[in-house]
Amino acid sequence: MAFKPKVPGLVKGLGVTLNTLMTTVTKGANTVQYPHEKEAPPIRARGVIALREDNCTSCMLCARSCPDWCIYIEGHKELAPPRRAGGAPRKVNKLDRFDIDYALCMYCGICVEVCPFDALFWSPEYEYSEPKIADLLHDKTKLGEWMETVPEAPELEAGADKKGKK
Amino acid sequence: MSLAIVIPYWGLSLLRVLGGIVAVLLPAGTIVYLFLFKMMSFMQSRLGPMEAGPYGSMQLFAEVGKWLQKEDIMPERADKSIFKIAPLIVLSSTFLLIAVVPFGPDAWFTNFEAGVFYMLAVSSISVLGILIAGWSSANKYSLLGGLRAAGQLIAYELPMVLAVVGVVIQAGTMNLQQIVVVQNSGAIFGWHGLGNPYILTQFIGFGVFMIAVQAELTQAPFDMPIAESELVSGYMTEYSGFRFLIFFIAEFATAGVFALIASVLFLGGWGIPFEWFGWHVTGATGIDGVANWMNVVGPLIMFTKMMLLVFVIMWVRFSYPRFREDQLQRFAWKVLIPLSLVNIMATSILKVVF
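Line by line, the protein sequences give chains A and B.
Heads up, the first sequence is in the working numbering, so the first residue is 2 and it goes up one at a time.
Heads up, the second sequence is in the working numbering, so the first residue is 5 and it goes up one at a time.
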């Protein structure tokens, strides 16, 4: 007979399951009871992308580098008064439309990395699912609202600003 | 037993039918909720369904509702009439089995003299249902599941039968009601305090019977026919909606009924030792010596014993990995059958000697 059951192991196995049963009954489960309890995501978690409209110059780098083409940008230039008297009027960008389609977004973060003006930020917010897919297109205002949930940038490590040997 | 009102025969038959339905479905529902949803989850350190009803108690009704509203799909090349009838065959064997289980001194559905024989014969009907379910599904993997099931279930019928033979020899009767009476009015070395539950003398038979029951129900570690990660659901793959619900309910109802039968054969059934109340069932009065309120308490006692045995069955199910088909067959033919034959020999010798 090729199969020889090892009885102490069999009994120990039963003991393990009974132990877990008793632990769950007395001390509670190991799982988080969503939606009554929520686990805090880590600070750098990729939940949603927020837009800081002041910094955006419509350079289109994010829209071009998005693998899914989910960012829609339209803007125009306006003239602002010069900074000093006697100067030339400055051309300032005004965003007409900046939409991110979260039905397409794959949370790769290339747009956040590539933006040269720090206009896009990651936020750990994840509870924004909608019954209608069309509502997943977040427009400029909504993306601006997500800025409130963006956490403070973490402290640099000690010695990070010193130049070291290369 | 004399009742205050006279119930005509058709009324009694109706009561029996209703009682049978309750006796099958109530344990099935309790087992599914308590053990499948809750105990399995607790053993995996999670809480199980908690949203439907307090502590998830209405989850079973939610599941039933969900399955009922699903589309009834039949594969195009399936054998239509056999496909439809297969789940009903499996469920019918459960209802036929419950007919012979006694719940109290007068609370029984049928009182066959050959109750044990009937029980063992009828429990084999579900094998047919499973086999034709797999075969008529027009699906290679279902067929494999059905064939594995047939092999396994037939192989484990024998140890089950032989284990029960030991009990029959010791009781001297095949009537399940008599077996209960003999156990509860018996004595261990002259001490009547515990009656004589056959689990003490027939412990080998009890072990073999419980293992055989585990295999008959295709519960892990004997769940090759279902083999979730390999065959989807084995013979149940092509079934959806109400037909799958019948298979599902039948699986747990049969677990409950086999546990009831095991408690009748080995644990003393609906009774607590008669000596505690001074009932004497030997002699002229026979079973009328047992009080009438036992008819109400008996089912409760049976329910408790059944829960205990199903706890053990489910505990083993959630703890062990699966046997391979050849290991399974080897275990049945080379280990369990010789063991139960030795048990029969020992029982017959000791029965004659003592």
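Because the hints were derived from the structure by calculation, they are not lab data.
Here the structure is a predicted model, which is why all the values come from computation and not from measurement.
Hints are not guaranteed to be accurate.
[Stated by the list, open to error] In silico SDA-like cross-links for lysine to any residue, where the CA-CA straight-line distance does not exceed 25 Å:
no.	chain 1	residue 1	chain 2	residue 2
1	A	K28	B	Y59
2	A	K13	B	V339
3	A	K13	B	V320
4	B	K309	A	K95
5	A	K39	B	P58
6	A	K13	A	V33
[Unchecked claim] Where chain A lies over chain B, by a calculated footprint (3+ residues, C-beta under 8 Å):
no.	stretch
7	114-126
8	144-151
Just so you know, even glycine gets a beta-carbon here, dropped at the ideal spot from N, CA and C.
Each hint tested on the structure:
Between K28 (chain A) and Y59 (chain B) the CA atoms are separated by roughly 16 Å; this keeps the pair inside 25 Å, and the hint holds. A threshold of 25 Å between alpha carbons decides the hint, and for K13 (chain A) with V339 (chain B) the separation of about 22 Å falls inside it, so the pair holds. With a C-alpha separation of about 12 Å, the suggested pairing of K13 (chain A) with V320 (chain B) holds against the 25 Å cut-off. Restraint check for K309 (chain B) and K95 (chain A): not satisfied, since their Cα atoms lie roughly 78 Å apart, outside the 25 Å limit.
With a CA separation close to 21 Å, the supplied pair K39 (chain A) and P58 (chain B) stays within the 25 Å bound. Distance check on the hinted pair: K13 (chain A) and V33 (chain A) sit about 28 Å apart at the alpha-carbon level, beyond 25 Å; violated. Counting residues of the stretch 114-126 of chain B whose CB lies closer than 8 Å to any CB of chain A gives 0, which falls below the minimum of 3, so the coverage claim is violated. With 0 residues carrying a beta carbon less than 8 Å from a beta carbon of chain A, the stretch 144-151 of chain B misses the three-residue requirement, and the given coverage is violated.
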